[in-house]
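A.B. asks: Sequence:
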Amino acid sequence: MFPATGKVGHDDLVVWFNGGPGCSSLTGVLTEEGPVKFNNVTHKAEPNPYSWTNLTNMIWVDQPAGTGFSRGQPKNQSMEQIAEEFNGFLLSLYQTFPKLQGKRLWLAGESYAGKFIPYMADWIYKHEVENQKAGIHLHGINMIDGFFMDDIIGKELPSMQFAQQHYRSMNISEADMSALEAKAQKLGIDDYVERYLHYPPKGPLPIPRNLNKPESVYSTFKNLAKKANPCFSPFYVIATAPCPLNSMGQNVTSEKAFPQNYFNDMPSIKPIIHADNKTYLSCSRAKPFKIMKKLHTQFPIHTVLPGVIEKSNRTIIQHGKLDYIMLVNGTSLAIQNMTWAGAQGFQSKPNKTLLVDGETAGLYHSERKLSLVQVDRASHMIAAYKPKPAYKLLQFLLGQIEEEDLIKA
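Residue numbers for the sequence shown follow the UniProt record's numbering, beginning at 1 and rising by one.
Because the hints were derived from the structure by calculation, they are not lab data. Everything numeric in this text was worked out from a predicted model, so none of it was measured. For glycine and all other residues, C-beta sits at the position ideal for the given N, C-alpha and C.
Using 25 Å as the maximum straight-line C-alpha spacing, the simulated BS3-like pairs for lysine-lysine come out as follows: (1) K388 to K408; (2) K369 to K349; (3) K290 to K75; (4) K213 to K226; (5) K227 to K321; (6) K321 to K369; (7) K278 to K44; (8) K186 to K202; (9) K75 to K287; (10) K321 to K352; (11) K222 to K290; (12) K352 to K408; (13) K213 to K186; (14) K352 to K388; (15) K7 to K99; (16) K126 to K311; (17) K352 to K202; (18) K311 to K369; (19) K213 to K293.
The following label-pair restraints were derived from C-beta to C-beta distances: (20) G188 to K270: 46 to 56 Å; (21) N277 to N171: 41 to 51 Å; (22) S78 to E194: 34 to 44 Å; (23) Y199 to T303: 20 to 30 Å; (24) K226 to K75: 27 to 37 Å.
Produce the entire structure from the sequences given, and follow the hints as far as they go.
C.D. replies: And the structure:
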């Protein structure tokens, strides 16, 4: 837990989650939005001028149980069970630290946290009487490159368009692209985004009958990218050599984590942060988390997310345009396929320019308490690679700036 250090945000509390499931939020603290960041070249900790603690009180949580240094055994849990467990944690936290009571609470996170967070928010809202009595007042959520939709919409349907936009800069041959386009045409997704991403939407998204996983365009393009670039990163498609492990034991080319990291290489750190003396992995390899990811397919966009948007003061969905873990137009398709506050999707196309320090940083659009932001040249981890836009969007979430300020330098 880190207190707000600036002139604002002392009445706010942001709780941050990394994804996985099973990825430690210490990655968020030390490589993204914490008060210090590890330099990926020197591996030294440096002050972070864009620390979110400048704007708010912050807590980074390792969850579910078994993630990072958290205690407890990993379990195969439903999203509702995870939400109930987190609400129990909050109740204990607020009782232990009564100064938190009454602060405006916001939930934020990236990747698989886009699945956790809407269920957590929904649980808190559904148990509003108990939570408000305990001083827990949820105001909104902020999801970055989140898994709030299924892989078909988030990855497969927009994959051919993404490939056409980026294959030249990724050194993929014309011959390979021709073969990929033929496959996409066979599966019915060669021009899917152009045909079905409309503002306002024309109805529920149709899923092509020929779509099948063994012939995945998404996976084929990913394999072509790996062949063309040994340092290809699905997190950040323009990553190039060298591609070493960072200080948290992560390699941009892999979605796995390794035990060669700061906490294991410097064991004296563990007792200082009151962590158990165990091998730390930034993303757990525990089998229950793998099972959880495969079995629990109740994606919040079809269940709880619409209600959470309606009950919250503000919801922000951000997406980095150079992310291949989840595709930016997958998020757009998902939003246009969702009904909330009496209408399906956005009625107008996102076309407002996000400005940061006088430079264009992306596009945004807001309707019915939901804001979508597409961040230019940003990775899966926006706060790591593009900290300035992430910082400004946090100011917007917390109400420290207004929507019209997003188009101001």
